[in-house]
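Residue numbers for the sequence shown, in the numbering used here: 505 to 703.
Please note: incorrect hints may appear among the correct ones.
[Unchecked claim] Each computed DMTMM-like pair below joins lysine to aspartate or glutamate, with the alpha-carbon atoms no more than 20 angstroms apart:
1) K667 x D581
2) K506 x E660
3) K532 x E633
4) K506 x E642
5) K691 x E633
6) K584 x E553
7) K542 x D581
8) K667 x E698
9) K674 x E599
10) K674 x D685
11) K587 x D570
12) K546 x E568
13) K506 x E698
14) K688 x D677
15) K584 x E599
16) K674 x E633
17) K573 x E545
18) K546 x D566
19) K542 x D632
20) K506 x E582
21) K695 x D523
22) K587 x D632
23) K506 x D523
24) K549 x D581
25) K542 x E553
26) K650 x E624
27) K549 x D537
28) K695 x D632
29) K549 x E568
FYI, nobody ran anything at the bench for these hints, they're computed from the structure.
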Amino acid sequence: MKVIGITGGIGSGKSTVMDILGKTYGVKLIVADSLGHKSMEKGCKTYFEMVGEFGAQILADDGEIDRRKLADVLFCDEAKLRKQNSIIHPFVRNEIEIRLNEWEGSGERIAAIESAILAEAGCGERCDEIWLVTAEIEVRMERLIKLRGYTREMAENFICRQKSDEEYGKICDRIIYNNGDMEKLYKQLGKSIEHLMSV
């Protein structure tokens, strides 16, 4: 089974690429962010580790971890962010490995893992190819404003805090341009899948 890593900055359109891969090519999909959210659900071992590390200040009234409160605690504190990652990333890697092994055992041909921090989370080494999804900064900003309700300032801040395309490109085998032309996007993905399966 071939495994593709899908990475890129916020607003680049990774979810659109994943949707096409799943619906058009039958690719089995893993979204690392969703697994990260799962790791914070009440009752999960990592939930108790997070609460033990950061305290009740990160909890909502129902006892679940409030990701907005957590973000406030982690904001601009690299040490705390590293600590969170040391708790969450092993859980995510293990969940990914379970899924990949199941799919490989059942004869699936291709799987894709989406994560903006693919390499940092230690998931890149499991991939046969890593594809960078990119778009012009202005396109990304408009997507964040329209689809997520961000202000322009928020969108700029989120984009600036992430790695540049040049940094992402150091670990990537292929670049997928996603500026909004769906025909071009489909063609790129078709050629990329064809190449992946030929090697």
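Comparing the hints with the structure gives:
no.	hint	verdict
1	K667 x D581	holds, 17 angstroms
2	K506 x E660	violated, 35 angstroms
3	K532 x E633	holds, 15 angstroms
4	K506 x E642	violated, 33 angstroms
5	K691 x E633	holds, 18 angstroms
6	K584 x E553	holds, 13 angstroms
7	K542 x D581	violated, 23 angstroms
8	K667 x E698	violated, 29 angstroms
9	K674 x E599	violated, 26 angstroms
10	K674 x D685	violated, 25 angstroms
11	K587 x D570	holds, 17 angstroms
12	K546 x E568	holds, 6 angstroms
13	K506 x E698	holds, 12 angstroms
14	K688 x D677	holds, 19 angstroms
15	K584 x E599	violated, 23 angstroms
16	K674 x E633	holds, 13 angstroms
17	K573 x E545	holds, 15 angstroms
18	K546 x D566	holds, 10 angstroms
19	K542 x D632	violated, 26 angstroms
20	K506 x E582	violated, 34 angstroms
21	K695 x D523	holds, 17 angstroms
22	K587 x D632	violated, 29 angstroms
23	K506 x D523	holds, 18 angstroms
24	K549 x D581	violated, 24 angstroms
25	K542 x E553	holds, 14 angstroms
26	K650 x E624	violated, 29 angstroms
27	K549 x D537	holds, 17 angstroms
28	K695 x D632	holds, 16 angstroms
29	K549 x E568	holds, 13 angstroms
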